[in-house]
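Those protein sequence lines, which keep their order, are chains A and B. Residue numbering for the first sequence follows my numbering, starting at 4 and increasing by one per position. Residue numbering for the second sequence follows my numbering, starting at 25 and increasing by one per position.
Think of the hints as simulated: they come from the structure by calculation, not from any bench. Any given hint could be a false lead.
[As the list claims (entries may be wrong)] Capping the alpha-carbon separation at 20 Å, the derived lysine to any residue pairs in SDA-like fashion look like this: (1) A/K454 to A/N400; (2) A/K191 to B/N90; (3) A/K385 to A/H371; (4) A/K266 to B/R191; (5) A/K552 to A/Q572; (6) A/K500 to A/K552; (7) A/K16 to B/L196; (8) A/K16 to B/D139.
[Said to hold, decoys possible] Which bits of chain A does chain B cover? Going by a derived footprint, with three or more residues having C-beta under 8 Å, they are: (9) 216-222; (10) 339-353; (11) 502-514.
[What the hints assert, rightly or not] Away from chain B, derived, C-beta distances all over 10 Å, residues of chain A: (12) F10; (13) I13; (14) L14; (15) L42; (16) A69; (17) R251; (18) T364; (19) Q380; (20) E428; (21) T522; (22) A526; (23) K546; (24) F600.
The structure displayed is predicted, hence computed values, not measured ones. We put the beta carbon where it would ideally sit given N, CA and C, even for glycine.
Take a look at the letters that make up each chain.
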Amino acid sequence: MNSNNDFDTILDKATSEIRNEQVDQTVVNKAAERVWARLAVEPGTMQKDVAARIDGCANFQSLIPAYLSGNLSEARSLLLVDHTHECIPCRKAMKDARTRTARPVKTATVRSRYNINPVILRWGVAAVLVIGLGLVALPLIQRWTPGGALEATVQAAEGQVFQIADTRSTALTAGSRLEKGERIRTAKDARAFVRLGDGTVIEMKDRSEFYITNNLQGTTIHLSRGAIVIEAANQGKKQLFVDTGDSRIAVTGTTFSVNSGTKGSRVSVIEGEVRLDHGGNERVLRAGEQAATSPAIARIPVKEEVAWSRNAGKYAETLAALNALNKELQGVAYPGVRNSTHLLDLMPETTVVYAALPNLTSTIVESHRIMEERINQNPALKQWLDKERAGKGPNVNQVMGTIKEFGEYLGDEVAVSVSMDEKGEPASPLVLAELKNSAGLQQFIEQQMAKFGQQGRSPVRFVSDPLTASVAAVEPGKKNEELFVWIQNNLFAASPKLNQLQELERVVQGGGRSSLTATPFHAHVSQLYQQGAGLVVAANLEKVIERAKPELLKGSEGEAAKKASALQQLGILNLKYFVLDQKTSNGKTHTQATVSFSEGQRGIPSWLAAPAAMGSLEYISQDANVVAGFVVKDPVR
Amino acid sequence: MQAAVKTLRLVTEPPSEVEQLFRTHHDRVFRTAHRITGSPADAEDVLQTVFLRLVRNEDSFDLSENPAAYLSRAAINASLDLLRSRGRARPVDLDEVEVASLPSHMRDPESVHEDRELQKLIRNAVAGLGKTAGEMFVLRYYEGYDNQEIAQMLSTSPMVVGVVLHRARTKLRKEIGHYLEKHHEQ
């Protein structure tokens, strides 16, 4: 033997002969008879459970609860698993039982101890029932009501592709139609393309199998095993689903891959986004992202997941382009934090909610410019984006142009306040913005209103002097729906109520500091600015509760005392402020929400300790979107 | 074929679970064992061993696998264990191999005989590989699974499978190189 190649050739030939070696069936059968004869006398071989003989599907399905709880014998488990591979109703029953097991049913009973007007209560319950039933029933009706005829055609078939039904299988070729519920399966080294009536194309890897159903919600691809890549057409109002037994993926038009095996499923997105529902938990996956339904399933690069596909090259190019675009977008500068604000000082003293956000127009416009540039350089991306944007309203470029132009007038910040009147009811909001350039802003707004088709009387009314302006008379029974706008030097103000602007003008004329600046709420929010503010939302809960207390504690003296005690225990009467602050730095967004209580906490809030390190955070998944944590003084308590 | 086996016995009462499994999968188990051992008698032994273990619950069954995959792997491992236990794992020189009788209708009897001897040597050498390497080699070259599928079955990565198979082939080259040099020189 002269070389390694010679050895490889010889070895491959020999192993191929071993692999293809035939054994006479008679020899096999006779051996089986002898072995069975010996096994039959072994204790346990012929053991039958008289109470639960497996005669058919009903018996198999009765074993499912024991199987899922791990109490079924090994032999029966093997039989049950084997049967579900071939029986659709039993496989469905297994999936449904798994879903019920994964989603614990939550029942909550709330017993009201407080007297509520019986009439109001009855109407309230009736309204909730009607709305609730409607919300619950509608999806169920949509899901179980059959849809129209299914259009599914085998577009291309390479190798052995079969349509499987009970005990027979029929070879499929290009042009073969698939009916609802008919299984299509690819053999080893085979591949198939199936096209649905809406233009969706499903590419099947070898050793894969699925069947399709449809209902009012949309079309569902039931993937029994193997891997598929789906280029989903735009579904309009419906959705396209992929059901793998342990998860459900919903899309409205995108390209993604699903790989399903005995250990679970792996979903990878090439373009667009999908919603993955596994065990009652829903998650959104975007281009380049991947998720598996079991920790036992290894994650692999999305490019590798679809390397078997005929369009692997195109997908790899798209993924690389999206990845590069994403990195570039992360580098776009966000507005820096603001360490002070003039707008807060102008807000009315009765402000109970204050929100402020930075001027993001330059960030938005720059991100859009980068996206357009990269997309035009990449034909695959451009094709996908044109498909996404088709028939979706005003041209994006047109909207961006408007945003850019508007942003050039604005300063660093826009703020909104909501006040509370003497009755404790929320008053109309007041919007304030600093302006870099006020000249021409009114004309610009009027032009935009005209462009977007505001016919007849405009709802926006510009006032040059709020103190001398008056509200226009309205017809009896109708409300004034005008939005009053005042542009003064470098200040923009808008409110549905003229008196808000009148009060503002008095503050401006008096030096630019309202009575709010003397309140602890103002000091609390100002402190946030000193630390650097991004998007800010702050609520003066103490004031809200103070105004709402009479209503909350309505009733006889005894009842009022009970309610007060309950509210005290829950800490509601001690709530002071709620503040939320969101900042972006180095491409990452940090959000922090704080609830503060007044001194002398009693009840549940008194259990809270001072902020401290939380070791339990190490166990939080990287995929978590929201985390809530508490540091308590005495955990045992 | 499986349908024929299922009607082998007239069933007067419902079959047990083990019997149902045996009926469905005995063919697969026997053929897998025969590929590895090269002997119908050994394959029959392996068939009995696999189902006996099932009856006696001697193996812990991984419920995440399907029965076909589980029984295939059980057959592979039982077959390799059988070869190892008979002490055939060491390299065997040509002179020690007994000459089998050949069907008279075969063309070129000498080359057919050599092929059979080579297959025997390969089978023995495969049994001499480690437990995991032996199983991977059989899954790849006797059963025809690709690296990705083997990785999934054995809960590892395709890269690991590739490395193990490469080393296995290198070891086989050493084990049977002498025989090949003697009989496959140009």
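Results of checking the hints against the structure:
no.	hint	in the structure
1	A/K454 to A/N400	15 Å, holds
2	A/K191 to B/N90	18 Å, holds
3	A/K385 to A/H371	14 Å, holds
4	A/K266 to B/R191	29 Å, violated
5	A/K552 to A/Q572	15 Å, holds
6	A/K500 to A/K552	27 Å, violated
7	A/K16 to B/L196	14 Å, holds
8	A/K16 to B/D139	10 Å, holds
9	216-222	violated (count 0)
10	339-353	violated (count 0)
11	502-514	violated (count 0)
12	F10	5 Å, violated
13	I13	6 Å, violated
14	L14	7 Å, violated
15	L42	6 Å, violated
16	A69	12 Å, holds
17	R251	20 Å, holds
18	T364	48 Å, holds
19	Q380	34 Å, holds
20	E428	60 Å, holds
21	T522	63 Å, holds
22	A526	59 Å, holds
23	K546	58 Å, holds
24	F600	50 Å, holds
Hint check: violations occur at hints 4, 6, 9, 10, 11, 12, 13, 14, 15; the rest are consistent with the structure.
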